[in-house]
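Visitor: Given the sequences, and given the hints that come with them, work out the whole structure.
Residue numbers (the numbering used here), protein chains in the order written: chain B, 1 to 368; chain F, 1001 to 1089.
Hints in this document: simulated from the structure, not taken from any laboratory. Heads up, the beta-carbon is just placed ideally off N, CA and C, and yes, glycines get one too. Accuracy of the hints is not assured; some may be wrong.
Here are the simulated DSBU-like pairs of lysine-lysine, each with C-alpha atoms no more than 30 Å apart in a straight line [unchecked claim]:
| # | chain 1 | residue 1 | chain 2 | residue 2 |
| --- | --- | --- | --- | --- |
| 1 | F | K1018 | B | K10 |
| 2 | B | K289 | B | K279 |
| 3 | B | K289 | B | K10 |
| 4 | B | K10 | B | K36 |
| 5 | B | K254 | B | K289 |
| 6 | B | K10 | F | K1053 |
Derived CB-CB ranges, DEER-like [claimed, not checked]:
| # | chain 1 | residue 1 | chain 2 | residue 2 | range |
| --- | --- | --- | --- | --- | --- |
| 7 | F | T1003 | B | R143 | 44 to 52 Å |
| 8 | F | E1028 | B | Y315 | 47 to 55 Å |
| 9 | F | L1063 | B | D129 | 18 to 26 Å |
| 10 | B | D186 | F | G1049 | 29 to 37 Å |
| 11 | B | F282 | F | P1073 | 51 to 59 Å |
| 12 | B | M1 | F | E1079 | 52 to 60 Å |
| 13 | F | K1018 | B | P93 | 28 to 36 Å |
| 14 | B | G63 | F | Y1058 | 14 to 22 Å |
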Amino acid sequence: MATLWVGTRKGLFRYDQGAADQGAADQGPAWAQVGKPAFLAAPVTFVLDDPRDGGLYVALSHGHFGCKLHRSDDRGASWVELPAPAFPVSDAPDAPALELIWSIVPGGADEPGVLWAGTIPGGLFRSEDRGASWQICAGLWDRPERARWMGGGYDHPGIHSILVDPRDSAHVTVAVSTGGVWITRDRGASWTLGGVGLRSDYTPPGQQEDPLFQDVHLLAAPACDPARMWCQHHNGIFVSEDGGLNFRESVGVKPSVFGFAVAAHPQDRDRAWFAPAIKDEFRVPVDGKLVVTETRDGGGSFAIRDQGLPQLEAYDLIYRHGLVVDGSGERLAMGSTTGNLWVSGDGGGSWSQLSGTLPPIACVTFAR
Amino acid sequence: MATIRFTSHLVRHRPAPKIEAVGATVAEVLAVAFADDPLLRGYVLDEQGRLRKHVNIYLDGDLIEDRLRLSDPVAAGAEIYVLQALSGG
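Guide: Shown next, in the form of C-alpha cells:
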C-alpha cells in the first residue's frame, strides 16, 4: 500500500492507495483520503517522510506565531513539536529570524538521525538528533557572497533544494532562490559555487551568466546517478552532468520553459518531468491547459503529457515541491495552488484527479 | 507579582496556562512563563527576542511600547495579555 502526504495552506492531508481490485485498470488501485487533516488551518510548508526510520516531519508557517516543526513516529497518529531552526542571536537591528522552513531532507543512510533543513532567510541547518536541536551551517552562512543573494518572490533569499549524494553523505548540493548552486564535500565546512552555464535574463547585461545571481526554482537528481542534475530555473530548464558545477540549457521546450517543479526519475538518468507555466508575472498554465512535460533523452526533447489534466480554463500553478515521483519511477503525484491533486500510475502518461477541493497545495510527498 | 494570560488561539498550540510571575519588565515576567515551556517562547517572540510582528502584548490595558526588547516596566499586580494581532495570519 502506498501513502501520499499532501501539505496544504490549511493542514496536512493523507491519501492511501487501496487494494489492487478497486481501481481503474490504467491507474492501479484507487486512492482515498484517510482520516482528518492534521494541523487543520495551519499552512504546511514542507513534509519529510524519512525512509531511514519512518519519522514524519511537518514544517508549519503559522501566520501569527511563526514557523514550527513537528514530528510523528506513528505515521501521523500523534505528534511532538520540535524546536525550529533558529538563527544566531545578534544585537543587530536587522538580525535574521526564521521566516519559512522550505526544505527538510534526511542525511545519508550512514548518518542515522541526521537532517538538513533549508530556510528563508537563506540558512542551511543540520540536526544530528532527529530535529531535537539544529545548528546553522556556518560554512555557508558566513560566505561573503551571501550578501549578494536576493529574495526570489519573498523578501529574503531562501534554500529550497538540498541534495545529499547517496554515495557520499559529506557531499551535499543546495540551491538558493536567488543565489545559485552551492556544493560541499565536507558536510558543510567549505563550499564551492557551481551553476556555470545558468543564465538569467532578468539581470543587467554582463551579469546574466554570473552563477551568484541565478534563481534556481528547484534542483533534482536521480538516485541512480547523482551527478546528473535537473534544474528548473526562473529562466528555463538546465541539465548538469557533473553534480551542478556546469549546466547546459534545454531550449525551445513547449509550451514553456518556465515553471517551479521538476521530478527526476530515480533509475533512468535521462528521464524527468516538469510543470510549465507562463513565465514571470503570469504564472498560470499556457492557454489555460495544464500539462506536464517529460523528457526521456536527458533534456534533448520534451513530450507534453495532458491526459487526465484540465485543458480548459485551468489556472493551476504547481509549486516547486508540488510534483514528485516515487522510488519506482512510475507513480507520480502533483498538487496545485487551486487545490487540485492528481496521481499517475504510468509514469506521467495519464493522470487521475484525487481532489479538486483541497486548500492550495504547497508540497506532496510519497511515503518511502 | 504580575498575571500573564495568553490568547486562546495560542493555547491551541501550547498549553500556555495563566501564570503569576515576578519581574521588573515584561521580558522578565515572560521569561518565567517560557522557563516552564521553552517552545512557548517561539510563539510569542522570534529567536532574537523581538515580539512577533503579528502578536500584541497589553500591559494594564495598553500596548507595550518596546517590541524589540520588551523593557516596559511591570508594576506589582500588573495584568499582561498576550494576544494575536488582527493583522497577519
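Visitor: Each hint should be assessed against the structure and marked as holding or not.
Guide: Cross-check of the supplied hints:
| no. | hint | in the structure |
| --- | --- | --- |
| 1 | K1018/F x K10/B | 28 Å, holds |
| 2 | K289/B x K279/B | 15 Å, holds |
| 3 | K289/B x K10/B | 26 Å, holds |
| 4 | K10/B x K36/B | 12 Å, holds |
| 5 | K254/B x K289/B | 12 Å, holds |
| 6 | K10/B x K1053/F | 21 Å, holds |
| 7 | T1003/F x R143/B: 44 to 52 Å | 47 Å, holds |
| 8 | E1028/F x Y315/B: 47 to 55 Å | 52 Å, holds |
| 9 | L1063/F x D129/B: 18 to 26 Å | 39 Å, violated |
| 10 | D186/B x G1049/F: 29 to 37 Å | 33 Å, holds |
| 11 | F282/B x P1073/F: 51 to 59 Å | 53 Å, holds |
| 12 | M1/B x E1079/F: 52 to 60 Å | 54 Å, holds |
| 13 | K1018/F x P93/B: 28 to 36 Å | 33 Å, holds |
| 14 | G63/B x Y1058/F: 14 to 22 Å | 20 Å, holds |
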